[in-house]
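Trainee: Each chain, letter by letter, is given below.
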Amino acid sequence: MAVLQQLIFALVLGATYGLIAVGLTMVYGILKILHVAHAGIYTLGAYLALYVLSHLTDNLWAALAMAMFATGLAGVLIYRGIYYYTLRRSRIVPLIVSIGLFTAMNELFRLVAGPYQHSFPAKFGLPTLITPYFVVTSKQLLILILTAAFLVLLYLILNKTKVGLAWQACSQDLEMAGAMGVNVDWAVALNFFLGSALAGAAGVLMALYRNMVYPTMGHVVAYKAFVVVVLGGFGSVRGCILAGLLLAVVETFLGSLEWFEFPRDAIAFLVLILVLMFRPKGLFGRL
Amino acid sequence: MALLIFALGTLGAAEEVIKIGLFVPLTGFAAADGHSALAGAQIAVDLINAAGGINGQMVELVYYDDAARADQASAIARKLIEQDQVVIGISGSYSTPTRAAAAIFQQAGVPMISAYAIHPSIIETGHLIFRVGMGAPVEGIAGGHLAVEKLGAQRIAILTMDNDFGVSLSEYFKETVLALGAEIVFEKRYSLGESEFREVLSSMWLQNPDLIWATAYCAGAANIVSQARELGITATILGQEGYDSPKFIELAGEAAEGVIIVTDLNRDSDRPVVQQFLQEFQARAGIPADMVGASAYDAVKVAAYALAQAGTDPEGIAAAINAIRHMEDVVTGPFYTFLGREAIRPVEVQIVRDGAFHFFHTYTDPEIIIPPGL
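Listed in order, the protein sequences are those of chains A and B.
Those letters in the first sequence? Residues 1 to 287, per this note's numbering, in order.
Those letters in the second sequence? Residues 1 to 374, per this note's numbering, in order.
Because the hints were derived from the structure by calculation, they are not lab data.
Ideal placement from N, C-alpha and C gives every residue a C-beta, glycine not left out.
Take these hints with a grain of salt, some might be off.
Just some of the chain A residues that point at chain B, by a computed CB distance under 10 Å [claimed, not checked]:
| no. | residue |
| --- | --- |
| 1 | A104 |
| 2 | P115 |
| 3 | R210 |
| 4 | G255 |
Just a sample of chain A residues kept apart from chain B, beta carbon distances all over 10 Å, derived [what the hints assert, rightly or not]:
| no. | residue |
| --- | --- |
| 5 | L73 |
| 6 | G114 |
| 7 | S119 |
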């Protein structure tokens with residue numbers, strides 16, 4: 001019984017890890033850049049939804065949709081306005097640009113919304129699921145349902161649409177894909193849009209889950225999402241989701257032990273070190 | 001000639017200002033507390049200036065943001081001492097940065113008062129370092145007595161934030177409850193910044209505790225409390241001054257109801273200085289006052305009292321603070337005396353009811369409010 005309940009916690013946590021890391025792995029798959037500012041997009045999503053909820057409407061779905069659309073656009077803007085000009089340079093250039101951008105975004109959130117934690121008031125009509133073996137609260141249920149829906153949608157886009165095909169072509173060889181008639185600019189922009197919208201959604205869901213929005217909420221996410229991407233095998237969407245779940249299960253299981261006092265966020269790195277030592281292409285990577 | 005007189009005049013005026021230095025976390029995870037501490041200190045300075053200053057000299061508060069980081073705090077301490085030439089420093093920050101800054105103030109021979117940083121080693125730094133807030137031993141011991149004697153807890157679970165604040169509090173709490181005959185059924189440390197407690201709380205609940213002592217700052221406290229209630233955990237949750245912030249109640253919402261905390265500030269006190277401070281703070285900061293703001297206010301009050309008694313001589317200031325007896329004009333007081341450079345004062349216990357902190361109990365017993373070994 002206790003184990004099942006812990007698995008529910010892990011599933012919810014893993015769902016959010018996957019949702020954030022998927023966008024990162026998609027960007028890496030195509031452009032081969034480490035998009036640190038992705039975690040800034042996650043925070044932006046939470047703040048946008050909070051703004052919508054406290055000023056425009058109390059409808060969570062509307063807030064979520066608006067936040068996702070706006071973070072998607074922000075992602076495109078970051079690509080077209082910033083990364084685009086660094087792609088022909090050494091890979092270290094977009095990386096440093098990305099770190100700078102992330103820091104700037106965090107400071108911007110702090111200056112605009114204040115350094116405090118804001119509560120995240122949201123109402124939605126889901127029940128709490130009570131079974132003899134485990135309890136799933138309405139917030140957890142919402143996260144699980146929405147994540148599943150997003151992932152099914154992503155799967156369909158990746159495998160059943162022309163855009164998905166274009167992304168696959170781009171990830172194999174960007175120049176070749178362009179030469180074969182793929183509109184690379186559009187393909188990459190859409191990739192950023194979708195990945196960023198998912199990160200924005202993750203930010204909203206996390207804000208809801210913890211009832212908290214604050215400028216530095218992306219800090220831990222920034223590096224943990226990378227661990228998930230590496231574990232999942234750079235650029236693999238399916239691997240990334242599995243890795244997110246696996247990391248969450250390990251964290252939750254170890255965290256539930258009374259004697260285990262190692263910080264949760266260090267577990268990710270411990271796992272990362274082990275994987276890089278023994279399986280450098282990632283747990284689920286095809287090289 | 002007129003120009004020269006004018007220049008001399010402004011020079012003279014500049015020297016007549018008494019500078020009090022303050023370091024507070026205005027950014028980073030502790031920003032809410034930093035802003036409260038700053039507001040509290042400013043209210044005290046404005047009141048002192050409105051009443052004619054200290055022996056006719058105006059007071060200027062010089063403050064910097066330390067982001068609750070030790071490296072920042074020590075750099076700021078040097079800046080306050082060397083560049084701003086403050087006559088006394090005030091810590092409006094947490095234990096770790098305050099320990100770092102205290103060493104520098106002591107070394108430079110400038111007195112410093114810690115407002116609410118609780119770690120025992122802060123005042124052990126030297127004879128010029130004082131504290132107006134409760135130290136960890138008193139807070140932990142009072143918490144222990146409260147848990148066992150007043151709340152009747154027998155099976156206690158301890159969740160400790162793994163930093164100077166959390167560890168020092170839990171150490172004294174644990175010692176006390178064990179001495180009073182209660183049993184520790186679960187004990188675990190977590191790292192600062194942790195926000196997911198569901199798995200810890202559910203394995204803790206399997207041990208069937210009747211009281212949970214969880215050390216945390218306000219955001220962490222909100223996470224612990226709301227996740228515990230979400231899991232259906234009905235045990236009493238006992239917190240400390242880290243919970244003492246309107247942010248805690250805002251973030252934890254309904255779950256905050258019934259949470260009991262050991263703190264410095266009694267909001268239901270009928271002492272005029274408390275009610276005036278609460279009103280003034282609400283008017284200025286736009287949020288209800290907290291323990292942090294009240295402690296910073298009191299630190300400035302103690303500093304001003306000592307400066308009025310002894311002028312700017314560091315040893316004189318230290319002697320004046322040590323000689324304080326029955327100081328009524330402080331929000332978290334009255335301060336009965338200073339023992340071992342710590343204010344000896346009542347320990348307040350507050351409970352959350354209808355979305356606000358209210359009176360639950362006050363400890364004035366000497367064996368609880370005087371730190372052990374004094």
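Trainee: Check each numbered hint from earlier against the structure, then list the numbers of those it violates in ascending order.
Mentor: When the structure is compared with the hints, numbers 1, 6, 7 turn out to be violated.
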